[in-house]
Amino acid sequence: MGNIIHRIVRWARRRSPWVLHFNSGGCNGCDIEIVDLLTPRYDVERVGILKEASPRHADILLCTGPVTRQTRDRLRRIYEQMPAPKWVVAVGTCSCSGGIFRDGYNVLGGIDQVLPVDMYVPGCPCRPEAVIEGLVQLLEQVE
Amino acid sequence: MKLDALLEALQEAFPFKELNPRPVPVGETFITLPPDCLHRAVGLLVERFDLRHLSAITGEDVGDEIVLLYHFWDNQGLTLRTALRRAEARIATVTDLIPGAALYEREVSEMLGVTFEGHPGPQVLLLPDDWDDEPPSYPLRQRQEEDS
Amino acid sequence: MSRMTIPIGPQHPALKEPVAFLLTVEGERIVESALRIGYVHRGIERIFQRRTYVQSVHLAERVCGICSHVHSTAYCQGVEALLGLEVPPRGLYVRTLLCELERVHSHLLWLGVLASNLGFETIFMYTWRDREIVLDIMEELSGGRVAHAVNVIGGVRVDVAPDQVRSILAQLDELGRQVEAFVGVIEHERTFQARTRGVGYLSADEIRRYCVVGPVARASGVDVDLRRDAPYAVYDRLDFRVVVAHEGDVWARTMVRILETVESLSLCRQLLVGLPDGPLVSRAPRRVPSGEVVSRCEAPRGELLYYVRSDGSDRPARVKVRTPTLTTLITLPKQLQDVNTADAFTVLSGVDLCIACADR
Amino acid sequence: MRDLLSALFALFIFPGFGFLFACALAFQWIDRQVTARLQGRVGPPWFQPLADFIKLMAKEDVLPHGAHSWACAALPMVSLAAVLTAAMYVPVGRRAASAFEGDLIVVLFLLSLPALAYFLAGWLSASVFSVVGGNRALLQYFSYEVPFLMALGGPAILCSSWSVSSIVVQQSEAMWMVFVQPVGFLLAFVGLIGKLKRSPFDIPKAKSEIVAGPLTEFSGRKLALWHLVIHVQTVVGVFLLTDVFLGGGGIGIGIELGFLSVLVFGAKALLILLALSIAGALYTRLRIDQLVSLGWRVLAPLALAQMLVTIWMGA
Chain A
71 MGNIIHRIVR WARRRSPWVL HFNSGGCNGC DIEIVDLLTP RYDVERVGIL
121 KEASPRHADI LLCTGPVTRQ TRDRLRRIYE QMPAPKWVVA VGTCSCSGGI
171 FRDGYNVLGG IDQVLPVDMY VPGCPCRPEA VIEGLVQLLE QVE
Chain B
1167 MKLDALLEAL QEAFPFKELN PRPVPVGETF ITLPPDCLHR AVGLLVERFD
1217 LRHLSAITGE DVGDEIVLLY HFWDNQGLTL RTALRRAEAR IATVTDLIPG
1267 AALYEREVSE MLGVTFEGHP GPQVLLLPDD WDDEPPSYPL RQRQEEDS
Chain C
519 MSRMTIPIGP QHPALKEPVA FLLTVEGERI VESALRIGYV HRGIERIFQR
569 RTYVQSVHLA ERVCGICSHV HSTAYCQGVE ALLGLEVPPR GLYVRTLLCE
619 LERVHSHLLW LGVLASNLGF ETIFMYTWRD REIVLDIMEE LSGGRVAHAV
669 NVIGGVRVDV APDQVRSILA QLDELGRQVE AFVGVIEHER TFQARTRGVG
719 YLSADEIRRY CVVGPVARAS GVDVDLRRDA PYAVYDRLDF RVVVAHEGDV
769 WARTMVRILE TVESLSLCRQ LLVGLPDGPL VSRAPRRVPS GEVVSRCEAP
819 RGELLYYVRS DGSDRPARVK VRTPTLTTLI TLPKQLQDVN TADAFTVLSG
869 VDLCIACADR
Chain D
515 MRDLLSALFA LFIFPGFGFL FACALAFQWI DRQVTARLQG RVGPPWFQPL
565 ADFIKLMAKE DVLPHGAHSW ACAALPMVSL AAVLTAAMYV PVGRRAASAF
615 EGDLIVVLFL LSLPALAYFL AGWLSASVFS VVGGNRALLQ YFSYEVPFLM
665 ALGGPAILCS SWSVSSIVVQ QSEAMWMVFV QPVGFLLAFV GLIGKLKRSP
715 FDIPKAKSEI VAGPLTEFSG RKLALWHLVI HVQTVVGVFL LTDVFLGGGG
765 IGIGIELGFL SVLVFGAKAL LILLALSIAG ALYTRLRIDQ LVSLGWRVLA
815 PLALAQMLVT IWMGA
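Top line first, the protein sequences correspond to chains A, B, C and D. Residue numbering for the first sequence follows my numbering, beginning at 71 and increasing consecutively. Residue numbering for the second sequence follows my numbering, beginning at 1167 and increasing consecutively. Residue numbering for the third sequence follows my numbering, beginning at 519 and increasing consecutively. Residue numbering for the fourth sequence follows my numbering, beginning at 515 and increasing consecutively.
The set of hints was computed from the structure by calculation and includes no laboratory data. Among the clues, some could well be false.
Here are the computed lysine-lysine pairs in the DSSO-like style, where the Cα-Cα straight-line distance is at most 30 Å [unchecked claim]: (1) A:Lys121 to A:Lys156; (2) A:Lys156 to D:Lys721; (3) D:Lys721 to C:Lys852; (4) A:Lys121 to D:Lys721; (5) B:Lys1183 to B:Lys1168.
Bound-form chain A, shown alone (with noise of 0.2 Å):
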């Protein structure tokens, strides 16, 4: 019986991922990427992803862009918020190391500066593909 059940909530877990999205000090070229993934060409409804404007619905958090000195406490908060279980998603080169802006003196590197980070997904800006296929990546690992 409990088998049965810890199947039919990891069933639903990898239908039904919410994310939130937070650019933590990006260019805004993943950021725009990430909001493409809602509209009609990518349209990431169709496998169950929703994204959703309160840290407390949400499953996985998108980060985008390296982490500045104003946001780092902000990224732990939001994780702090977020129900369990959760997971991190580091979009984009400058979120997965701190990329082309890692010397800049308000900069403190990637995601995982901050934050576990569970996938990461690199490309200057990612494409939308990408993320996809990140956000699948992470899902048939979750347990």
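Knowing the structure of chain A, use the given hints to seat chains B, C and D on it.
What follows is chains B, C and D alone, placed relative to chain A:
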């Protein structure tokens, strides 16, 4: 913009200063002024020539001096160049003449440590609130590169 | 009525980028607003000083993801002027073509964001769907949807083949029809008008006092456009109209932007049809003679200024970027005064904030 | 024994909780599909609402510091109970199991309970956005509720009965109310959009303004229940309009359809749902002051006029 008339008027207002007008690409004219004349000069541009569009204020640390460039524009560019002594980087604000300069001045102020006297709200603009203040460090000042 | 403080941002669904507004409201009326930017401040002007001139082209494109090409255009134009380098006409045409495509993309994107913030999801979906056509064209030309890496110092690195010209013209015609439909919606949809008319009003005098540029200025009757007033690239060889409106509200800004999109599409056609033969790029030396330059371009959001000073080495001594959003930010407290809380988001969208540009 | 079994069946399976739950999920899917198609998208697969529901049920349930914990837990339960109870009196194709004279009033009352719970949830969940959303929800309630009640009162007066079931029965012998009272139907439809907080009246939960309104701080199970409340409310609201204005499961003068009437009823309900989705996709969200003025300057006077005409006709 009537550049010749403008230069003439400026020279008339500051008879003993060397204005050094020189063309700079692309379509810009640079005029040099001492810091204490700048506010009056901007006032003259705004009132006599209706030159109200200040595109930007560039600040640069060139070693012993901090250079400020006030980029104006009215169908062609006019830049007022002034140099402050690094030890005492202060200049009168132009926000009373051009309210739009408020953010430019705040940025120059935090990046280079220039004090704009009379600025209505000289808080930091881009840097974090906890940017290390003791001793003051300014991201675009040159000495920092040598330190790090 | 009791006062309440509503913090908007840095994470907020209406904002694609982190920026914080503190709205003090009485009921639904805003009595005070405070603005905090700098969340996206990466210190780009400092990073410029550590990169060579060639690397800096790449960095200039990353100031902003929406108007990346115009940033590198302004930068390259400046460095080319320092070098005294003549860009071949074909290179200038391609560069201008990308500038105009980018304007179309930026304005459509903006219209979608405005509609989404107004709760008009359908228009958001339609504008972004049609924006894909522009992205396809840009991808076909450059290989990049958002960042193009088209500009190099001395010209461009991509060419437009004759069969590409034909296919792009066809795609532009299709897009033109869609844009006409949007014009109709903006002009006639009553709920849209109810939400945008009279909201975020700025007078021409306020525009001048705050040195505001771009579509926001043009929507208040201030007739400035660098493409006409100080032609760069090949704008002096093209035929276009500068769209000006006089209402000064969000609706006028919408009209200005969407009609500008129509103009931009016509500019793209002119550029493709009149594309001259010849090389794309002039060879540029790695070292730049000392000197300084002020380079201005009309970005989708208005006047973009690059100041570059060279000390004769292979790295720029100083690159200053003044983006158009910095000029519109300062008007926000004025625009937000005494408006309804719901309209605050119309106002914020209406000026087309690009925080990445403003913070650098 | 048989009576008891059939009562239990009616309560839990059809047209009880099980049926309503299935309908709520189905309606949500249809709504999302239609909206997606209108926007040129593909839309979610059929099991999406179920997956969302299970996932939320299995998620951690956190509340911010300062939120009223037992109230936040009780409010969605109470609302769910209210809308499920309301459904007991709304006939689905056939006569409602527990119909009695005056049940229309009960249904209308039970349907407004969630609005009040929603407002309270906003006030008690310790977030600025929730409070603003709660305030808006209450203001909105006062704008749509009066015209909505008066619009539904019209058919009741004409039929001289305040029971949904007998209004349905009377329509099977005469014309559908939508033809007798088109204005009333329109008002009830607009009122329903307001009641369900759907676009363009999604003011209390305007995503781009106040995040998710009163639900901003809810997560996990409580959020799942809130979503269920909203969707069951949609189902009951649509069923109510179908019954009162479209003649329930009947197709015209005096023909008995038996079990088929459920299908006819479903088809009519789907039409209303479709109209709701389309209306949501076509307009810009109004501002709360614009809605209040629409409610009191346009809808309420129209409803009043309709009411007076109805009484005059009936007399």
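Original post:
Which of the numbered hints above does this structure break?
Top reply: none
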